[in-house]
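Line by line, the protein sequences are chains X and B. To convert, note that position 197 of the first sequence is 197 in my numbering; the numbers rise steadily by one, no gaps. Just remember that my numbering sits 420 ahead of the position in the second sequence, which is counted from 1.
A few of these clues could be false.
Listed next, the in silico DSS-like pairs over lysine-lysine satisfying Cα-Cα at most 30 Å (straight line) [as the list claims (entries may be wrong)]:
hint	chain 1	residue 1	chain 2	residue 2
1	B	K544	B	K596
2	B	K544	B	K531
3	B	K652	B	K670
4	X	K227	B	K678
5	B	K669	X	K228
6	X	K227	B	K670
7	B	K678	X	K327
From the derived model, a few chain B residues whose C-beta atoms are all more than 10 Å from chain X [claimed, not checked]:
hint	residue
8	A606
9	F651
10	I658
Derived from the structure by calculation, the hints contain no laboratory data. Remember, predicted model here, so these are calculated numbers, not experimental data. We put the CB at the ideal spot given by N, CA and C, even for glycine.
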Amino acid sequence: MSDHEYNPKSKFGKWFNDRLPLLTLANHLTDYPTPKNLNYWWTFGGILTFCLITQIVTGLVLAMHYIAHADMAFDSVEHIMRDVNYGWLIRYIHANGASMFFLAVYIHIFRSLFYGSYKAPREIIWIIGIIIYLLMMAAAFMGYVLPWGQMSFWGATVITNLFSAIPLVGEGIVTWLWGGYSVDNPTLTRFFTLHYLIPFLILGLVILHIWALHVPGNNNPIGIDVKKPSKDTVPFHPYIVIKDGFALLMFMIVFAFFVFYTPNILGHADNYIEADPLVTPAHIVPEWYLLPFYAILRSVPDKLLGVVAMLSAIFILAALPWLDTSKIRSAVFRPLYRQFYWILVADVLVLGYVGAMPAEGLYLLIARIATAYYFLHFLVILPVLGFKEKTLPIPLSITEPILGGSPNLATAKNKESLNR
Amino acid sequence: MKNSIRIFFLTTIILGFQFNSNAAEKVEYLKTDWSFKGLFGKFDRSALQRGYQVYTEVCSSCHSMKYLSYRNLSEKGGPEFTEAQAKAIAASFEVKDGPNADGDMFTRPGKLSDKFVMPYDNIKAAQAANGGAYPPDMSVLVKARGGGVDYIYSLLQGYVDPPEGVTLDDGVYYNKYMYGNKIKMANQLSDGLVEYSDGTNATIEQMSKDVTTFLMWAAEPHLEARHKMGFKAIVYLIILTTLVYFSMKKIWSRIETKV
Numbered sequence: 001m002s003d004h005e006y007n008p009k010s011k012f013g014k015w016f017n018d019r020l021p022l023l024t025l026a027n028h029l030t031d032y033p034t035p036k037n038l039n040y041w042w043t044f045g046g047i048l049t050f051c052l053i054t055q056i057v058t059g060l061v062l063a064m065h066y067i068a069h070a071d072m073a074f075d076s077v078e079h080i081m082r083d084v085n086y087g088w089l090i091r092y093i094h095a096n097g098a099s100m101f102f103l104a105v106y107i108h109i110f111r112s113l114f115y116g117s118y119k120a121p122r123e124i125i126w127i128i129g130i131i132i133y134l135l136m137m138a139a140a141f142m143g144y145v146l147p148w149g150q151m152s153f154w155g156a157t158v159i160t161n162l163f164s165a166i167p168l169v170g171e172g173i174v175t176w177l178w179g180g181y182s183v184d185n186p187t188l189t190r191f192f193t194l195h196y197l198i199p200f201l202i203l204g205l206v207i208l209h210i211w212a213l214h215v216p217g218n219n220n221p222i223g224i225d226v227k228k229p230s231k232d233t234v235p236f237h238p239y240i241v242i243k244d245g246f247a248l249l250m251f252m253i254v255f256a257f258f259v260f261y262t263p264n265i266l267g268h269a270d271n272y273i274e275a276d277p278l279v280t281p282a283h284i285v286p287e288w289y290l291l292p293f294y295a296i297l298r299s300v301p302d303k304l305l306g307v308v309a310m311l312s313a314i315f316i317l318a319a320l321p322w323l324d325t326s327k328i329r330s331a332v333f334r335p336l337y338r339q340f341y342w343i344l345v346a347d348v349l350v351l352g353y354v355g356a357m358p359a360e361g362l363y364l365l366i367a368r369i370a371t372a373y374y375f376l377h378f379l380v381i382l383p384v385l386g387f388k389e390k391t392l393p394i395p396l397s398i399t400e401p402i403l404g405g406s407p408n409l410a411t412a413k414n415k416e417s418l419n420r
Numbered sequence: 421m422k423n424s425i426r427i428f429f430l431t432t433i434i435l436g437f438q439f440n441s442n443a444a445e446k447v448e449y450l451k452t453d454w455s456f457k458g459l460f461g462k463f464d465r466s467a468l469q470r471g472y473q474v475y476t477e478v479c480s481s482c483h484s485m486k487y488l489s490y491r492n493l494s495e496k497g498g499p500e501f502t503e504a505q506a507k508a509i510a511a512s513f514e515v516k517d518g519p520n521a522d523g524d525m526f527t528r529p530g531k532l533s534d535k536f537v538m539p540y541d542n543i544k545a546a547q548a549a550n551g552g553a554y555p556p557d558m559s560v561l562v563k564a565r566g567g568g569v570d571y572i573y574s575l576l577q578g579y580v581d582p583p584e585g586v587t588l589d590d591g592v593y594y595n596k597y598m599y600g601n602k603i604k605m606a607n608q609l610s611d612g613l614v615e616y617s618d619g620t621n622a623t624i625e626q627m628s629k630d631v632t633t634f635l636m637w638a639a640e641p642h643l644e645a646r647h648k649m650g651f652k653a654i655v656y657l658i659i660l661t662t663l664v665y666f667s668m669k670k671i672w673s674r675i676e677t678k679v
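This is chain B alone, in the form it adopts within the complex (with noise of 0.2 Å):
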């Protein structure tokens, strides 16, 4: 017992080393309460709903989001647009298809099933827009950086002047949680950017919370379904495991060894 306590000990450091290897060399990200975080979180529909104006009026003008489709707004477990509004929100893009009986692409208005529209034809032009940066594809950006939510979150809100001594290229601004502190794209939220169509104030913070919840779920579109299996999955486990348990009691009783 004494022996299974020591290592029991260990594998939480070795484990606890694991999860400080990511979060050395780090600024401390700020803080808010994510409603998907915990056993049973769960998206806030209405901030989901806010989080994609935000993206569609902010951040797609060179940020791709090319995994996500129209149809996924009115899934479940997403901003849950009703079916009318996505595909009225469809509808108002542009979509290239092609070639038609003629051999020649045409436009046509979006459908449900298709991708969302991307903001440049390749890579390259989305580089030559923006200095050389590519802005990176947002689908799973939420898991492709160490912070996750807080990294973004706090990214959105990190612009400040640099400090004494640094100087800035063009085209290169300076944000506080930025690995390496110098980013490519310019502070992009102010107060009241966007009108919420509920009212909400559209506060930098705000916004910043709105578009992290909806890329959060962007890149883990069954968070909530997830969620939702896995504490019906461990409950289950755990009522199995207590009956094992006596079951295995019952029958090491025929015999004198404790288990």
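If we strip away everything but chain X, and leave its shape as in the complex, we get (with noise of 0.2 Å):
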């Protein structure tokens, strides 16, 4: 939070501001002081703000032509797609709007995982973080629920048959997430129900998010604390703004061009069959931006324990701030650590890559490794790394190599590289 007090220049502004100081925090929104190192992947918050209001507009639209009925649902998309003005335009950006969404959370939480942004004293900003992933994945499989096709229904099928996987009350607990012995009407209203509350959930987690991050500020592409204001940091407007602008139009391009030219690529062309309980599609697969997590599920034989290392893989995020030993932040400062990284990386795409391949041969085998390492990264390598690693020197402030000159050679030379 900025220190110094705001005071509004008009008298009504004054009046107001006494009895609900909105002008303060408008005022604290422009002049939040900004680290001014800050690359492209920190644009990628502000890219998330436009997602979610994105889907929540273009759902809102959507919700008022869809009928949630298991004989109307599969029409009732049809006739948005045919006969509502438009219709075509906003179910393709929902539709699509989700990809993007996890596209860029994707994006956004490597950011963090890369610069350390999870470390104290952020690990509330982190760990709010975690649980808006978690309500985004859940609105994500109830909304492709909701179109009614084949991988809707049997997607939904599979999901929510995992947790008949727990023991001796799993059973009741899957007919009581029906609300029948099977996948049918009533689940389809209660998931549309939960769809529609989930991102307003959702909204509310990420302005306690931003308002965690304004407490101690960003962390900054070389992680370490910043006085705040100085010559370090730039007010959040204009400077942050305009980029944060212009990131997101080219984010957007990417947007339309998905939208207006491949909108059904990232689905499922099943999803175009109306959903029969009779028939069973080849292949059940999930969308794209949940395959890593479905092949961690997969990898393990035994069903409950692949259900646990499946929700384990999302949960073991929300302790990676004390899992991780090293004091340093950023890994442009851990040389053993960013190619830990980077392998961790490659391991989730392989993952994702698994995710959509039968589980058999080959794949499972490939599956089960990625999986093992995953795991073994976080519980294993971050840990050890922290006391093992020869961190690099790390500068004493952001200008401080520019302007004055590092007396250290490593630190101006580790700053180039930065830059570069």
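Taking the hints as your guide, dock the two standalone chains into a single complex.
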């Protein structure tokens, strides 16, 4: 929070602000001191806010025309695509928007991993972020069920059936979730209700996420604490606003390309076949953004342990601030961690790939190795690395090496590699 | 910068995997030039009109198109029959309506607002008439099959004699492009099966292409509007992005950090 008091100029402004300090808030948001060396990986926070709002707005319009009934859901989606004015546009933005949302959130998460943004004093921001990510997955999954196509139906069946792995009460829980003895109309209506609710929960958490961010302020590529405000910072407006805006526009070009030219490429063809409980699709595959976890689930031979592994893969992230024992935040000054970071990125991509493949033969073997490595990274490599790694010297401030000339040659060199 | 390139590279790979995963285990489909592909892709009107003819004369005896209405035939971006033509087409079908004031159902000639008449009363009737297989509704068929238009186009021309050792049950046919190669639809197209009013030679290839084009439009009736708007939107975004880029450079020039 900026420390200085804000005094509105107008009399009315002062009167209002004394009663509800909205103007103080607005002033805080515009003046908010931001490290001036943030690179473009930091623009994805703004992009994600845009994604959330886009999903909510398009979702509201879709909900006006969509009918949450097992007999009419598929028809109502076709009605939206054909007869609602620009319904095709709204729906394609919403459907591809989900993919874009996940693309952005993965970049955002991996940015945090690289620059150590989850470390003290930002643990709460990180944990709220993980909860948001979990809710996003829930919302996306339920949203995918709503068109009531074959993948909707069978995806819902597979995922809800995971709960049956719970000993003793599993079957009961599944029946309770379904509202019957199979995925059917009651399942659809409750998924619709929850799909409508969750984005607003996410919105609330996003506000907390940003609030928690504004207490310590942004991390930055060199990962050192920055004095605020100082020569190392710029006010959020106009510097960061315009930069985020520029990045957002670039992102929107990619987004628009998907919406207008390949709107169905990220979905599965089977979802244009109306749900049929009597016909099981040859391969039941989740959306691309859930594939790594799907691979982890299938790589464990036991159903219960598979579910446990899949959930652990997500929850382990929440413990990350304590698993990573290194005092240095940014991977720029951690030569070994940097290597392991890229191996992890490759590992997750491999998991995503095998998640889309049938779980047999070589694919299954690769999935198992990649799953094992995923946990190895977080549970063994990160804790040990913090003690063993010889980190590079870190600069004292963002401007120091440039303005004053660094007394330390290695520091100056690192600074250079950073700017590249 | 090096890292950005690396990430970009990796993203490309994962997207590549995604597309590949859909394309795995598939045979090469027959290729043809589709007028509706590409940034400015548009439907070939006469192909759509011919395709509609093939659909009505051949496919529609078994396959429904329940999401289409006769009015769609005269709408912009489609086959663009004149309204009078579309009315005449609609009137050539008997539509069940009612109940009337006496509580009776009756038939009347179709109107523009009617949905395409279905060949069977229900799925069971369709199955009974087709050896247990339900001829799928064709409204969104192109989008419901992995290979899309190329798949449908190939399938229609993919009937060959089964290779040695493959035995087919009664009412099952061999098709090169069908998933599992066994299909319950017999070969429908033969040269000269329909007589095109525009004099186009009705070869199997021509009819396959026309009817597939028609099915593509049926599945994506707003495709032309989408392409048109997409081009405008992207050009607009590129111009705006450029302007914002230079504004950003200008604003950030006040401080020493590069952006």
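Original post:
Against which earlier hints does the structure fall short, listed by number upward?
Top reply: 9 and 10
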